[in-house]
Structures are given as structure tokens and as C-alpha cells.
Amino acid sequence: MAFTAFAANTEVVEQAPKKGRWIVLLLLAPGIMYMLLFFVTPFIQLIITSLQVPAEGQGIGDYVAALQFTNYWAAIQEYWPQILRSFVYALIGTVVGLLISYPLAYLIGVRVRSKPMLQGILLILVIAPFFISFLLRTLSWKQILPTEWMGTDFSVVFGLVYNFIPFMVLPIFASLQSLDMRLLEAGSDLYASPATVFRKVTLPLSMPGVVSGTLLSFIPMSGDYVNASRQFLGSIDTAMVGNVIESNFLQTQNYPLAASLSIVLMVVILVLIIAYVRRSGTEDLL
Amino acid sequence: MKKWSLGRAFVPVASIIVLIYLLLPIVNVIIFSFNEKRGRNNIKWNGFTLDNWQNICGAPEVCTAFSNSIIVGVVSTVVATVLGTLIAIALVRYRFRFRSTISLLLFTPMATPEVVLGAGLAYQFLTMGVEKGLGTIILAHIMFCISYVVVVVKARVASLDPAIEEAGRDLYASPGQVFFRITLPTLMPGIIGAALLSFALSFDDFIITNFNSGAVSTFPKFIYTAAAKGVPAQANVLASIVFVGALLLVIIVQVVRINNQKRLASK
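These protein sequence lines are chains E and V, in that order.
Numbers in our numbering are just positions in the first sequence, counted from 1, shifted up by 9.
Numbers in our numbering are just positions in the second sequence, counted from 1, shifted up by 3.
Just so you know, the hints here were simulated from the structure itself, not pulled from any lab data.
Be aware that one or more of the hints could be misleading.
The list that follows gives simulated cross-link-like pairs (lysine-lysine, DSBU-like), each with its CA atoms no further than 30 Å apart [said to hold, decoys possible]:
| no. | chain 1 | residue 1 | chain 2 | residue 2 |
| --- | --- | --- | --- | --- |
| 1 | V | Lys40 | V | Lys224 |
| 2 | V | Lys40 | V | Lys232 |
| 3 | V | Lys265 | E | Lys124 |
| 4 | V | Lys47 | V | Lys224 |
| 5 | V | Lys232 | E | Lys151 |
| 6 | V | Lys232 | V | Lys135 |
| 7 | E | Lys151 | V | Lys224 |
| 8 | E | Lys151 | V | Lys47 |
| 9 | E | Lys151 | V | Lys40 |
| 10 | V | Lys47 | V | Lys232 |
| 11 | V | Lys224 | V | Lys135 |
| 12 | E | Lys209 | E | Lys124 |
Modelling step: build the complete structure from the supplied sequences, incorporating the hints.
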């Protein structure tokens, strides 16, 4: 199921490197060609588009190749509130998500480890949201929460946190599941208080899960535009960079603007991730 | 066991609250599938009815969108699973140049916001003059599903003992026989898991689809478009059916897994 992607603590059998160029080429060629064609080339295309200028005569959506680097400056100047808002929302959403997901991951990975049936039920409950359309679920909050809360910073962050709880719980659970209980016992045998054991043993050992959980939440959150859009939990005052990219691409057809905002979003995320991963000391994770 | 756990009651109580937060909207979706129709309104509770369940395709477009999602999900899952499995085998089993570059190439889509992936691909189709539709949605979905398939299948390949294949070769099995009678069957649980994940991701994808679908509607896109005026209760019915079906499937898999563990433990 979905969580096998995160709970991959399988035993690794040492495998001797094998030769066989033709087989490797045969195995890789189709998939890699596909990724070059539909992932790498579009990325390059995005950069090219971000530097384009409007065509002579100015038909809507008509742009020609150019090296207009000022597009970036113009995009940032016009939309910095939305860019900033995206990252503030994603940051708050990730921190809140981490705080509320950790106890649940701890319950499933440590407390009920000796009861496989209960552990199985709890895991199913955590992945249950994956089986039902996330748009319908998000829309549900509009019915459940009071109407006057809608369209605020609060409702958008509330929705973002909600959407990404499983992405936070599952990796942390996977880390905690492989935690050696004897280490915790050793800690308390040495007269550490439960709080100290948690801070000095449990938390550091679950860091790989925390790092992948925060990345799995933060990246999609900062690009999300469903929660913040008006027909869902947001309003004009809560527009995120994703909303701007969507409306400029699909409605106004201002392609260079949408493209340069996409690149800005990507670059900021990359810088933040590198800084975060360096600080948390889990470089080998990437 | 008692001493080292942080605040005994805190963990279960907090967990229950988080679980309610997580599951409340699901309950809400199911409840509103039984809501009586008043105009287009499925926002307020009007009363209980079975009409929506008896007349699932009653709302215009909803079943077309739903079957489009199934088509997209099945086709992209099949292609992505085949391509991803081949890559996963190559990455674990063989040493070659650019191996880490290829790993990075496959990891990057998972670390890119969907809106960037969707927009980039949409420009690509625009410049190539490809008309958007069911085909472009499928091409887009295969792209992001491959990465997830590789991650899941790689874990399975890594846990496999190559000695079993060697034994097959020693017994004069041809490379084709080794692959189809030993490698593939042992990888099957991983491949099935990857395919289910891939289908779930494809079926529920909205952002990338929205950029690459043109006039064609999928189930999530239908909901997004309908959201402004009120999503018909039939959408709740279809979502509830998928939910119950998937849940049953997972429960069966879990029960079988736990039973197998018990059997192995008792031996």
C-alpha cells in the first residue's frame, strides 16, 4: 500500500556489482528516455519561457524567444506578497503538522508495537484519506467549520495541515518502528527522566523520519493552490504563488510570468531544503 | 515498559484528536452522499435519501469524469509500473556510469511542487503543438508515477538474495527463464504495491491534470470546477464507493499479512 513507500526498512542483501552493458541499457533506456522527454525538457522549456517577451502585435498568449531576465524582477515585485505568503503558510503548516503528527506516529510505532492487530488498524486509519478524493475532503471543511472562519489565513493553514498529516505520520512512524527499545531502557536505567530519554534518544533517532516528513509536507504545501483558492478554503487575501501561476497560465495566458514564478518557487524551495538538510545533519538522506 | 514513555496519557489522547481531525471529512463526504437534492445545493443538510445511490450517473458529466479518471489511472499505472520496475532492477543490480545522476533524475520530480511540473509540461505540449486531452493527461501521469514506482520496487529488489537467481542459472535456466520464473515472481509484492500507489496517485491527482487536460475532465477536476456552485451528491457517492472498496482491499491484505506472520512465528 501507500505506506510501503515510506516504511522501506527492508534488509539489504549485499549484492555484487554486475557487468552487462547491454542489459543495463535495455532496462534503463525506455524509462530514462521518457523522463528526459517529459521531465527534463519541460524544465528547460520552463526556463526558456520565463525569459520570453510578448510578440509584435500582442495577441493574447503570443510570446517570442528572448533573454528578458527582468521578467523575474517584475514577477517578484508584483507578486512578492503571494510568494512570501506561500512560504509562511507552508512553514507554519509544516511545524504544526509535525507537532500534531509526532504523537500519533509515536503511538503506532512505539506504544502499540507489540499489538500487530491494533497497529494495523491505526495504520489503515492514517492511510484511509488516500482512498477518498482530497478535493472532496478539503471541501468538507467548508461545511464543517463555521462560515465566518472561511477565507482567512487560519482556514487555509488548517486545510494544508489537514492534507499533509499522513505524509508526516508515515515517515516518522517508519523511523520509530525500527527504533531499538533497549536504547530507551538503557536511558532510563541510567536515571534519565522520560522527557530526557525522549529528547536525547528517541527524537534524535527518529530524525530521518522527521526530515523526510517535513520535506514531504513542506514542498507540496508551498506549491498548493487548492486550499487557498476561493471556492475552497481561501479568498483573494489568501492567494498563494500556486494560485498566481495557475491563473496566469490557464486564464490570462501570461506564460513568461507564470514560468518565472515557477522558477522562483523552485529556487527558493531548493535553497531552503539545502539549508535545512545541512542543519539537521542528514545529508545522506538526499 | 512503563517508565520511559512520555506523559502516559498525552500520546493516546493527542492521537485520538488527530485521528478525528483526519477522519472527520471522510465521514462528512459519506454522509452527504445521502443528502436530499434541493437545486444544486449539496452544502447544507436537507434530509436523508437513497436517490443519489440509485441514480449514480444522474448528475451531468460526473460519470464521464469518473471513467476518464479510471482510464488515465489504469493506462498510466501499467506503463509507469513496467518502466519503473526495469529502472529499479538496473539501479540495484548493476554498477554503471551516471548511476547517481540517474537516481537524482528520478528523485527530483518527487521534490518538485506539482504546479511547477504541471506548468513545465503544459509549455512543452504548447510549443510542440500537441492538443491537450486524455493523451496528454496520461503522458503527464506516467512521468510522476515512474519515480514512485522506482522507490517502492527498489526496496524490494534490494531485499532480494541474488543467490536464488544464481541457483536457477546453475540449473541451466536461460536468462529469460530466470527473469520470468524467478526474478519477476519474487518482486511481485513490491510491484503490486507500486502499482496500487501509482493508481492512487494518478486517480487523485488534480494540479498536474488541471494544467494538461484541456477541455477533458477527470474526477478531481470535475470536483474543482463544480466546487464554486456546489458539488452534486453523486460525486460523494462515487468517492464513497471507491473509499469503501479500497478500504476493504487493504483490510484483506492486512489480515492475510498478519495471519502469515502468526503462522511463521508459530513454526
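Consistency of the hints with the structure:
| no. | hint | in the structure |
| --- | --- | --- |
| 1 | Lys40(V) x Lys224(V) | 22 Å, holds |
| 2 | Lys40(V) x Lys232(V) | 14 Å, holds |
| 3 | Lys265(V) x Lys124(E) | 12 Å, holds |
| 4 | Lys47(V) x Lys224(V) | 22 Å, holds |
| 5 | Lys232(V) x Lys151(E) | 13 Å, holds |
| 6 | Lys232(V) x Lys135(V) | 25 Å, holds |
| 7 | Lys151(E) x Lys224(V) | 18 Å, holds |
| 8 | Lys151(E) x Lys47(V) | 11 Å, holds |
| 9 | Lys151(E) x Lys40(V) | 19 Å, holds |
| 10 | Lys47(V) x Lys232(V) | 13 Å, holds |
| 11 | Lys224(V) x Lys135(V) | 14 Å, holds |
| 12 | Lys209(E) x Lys124(E) | 26 Å, holds |
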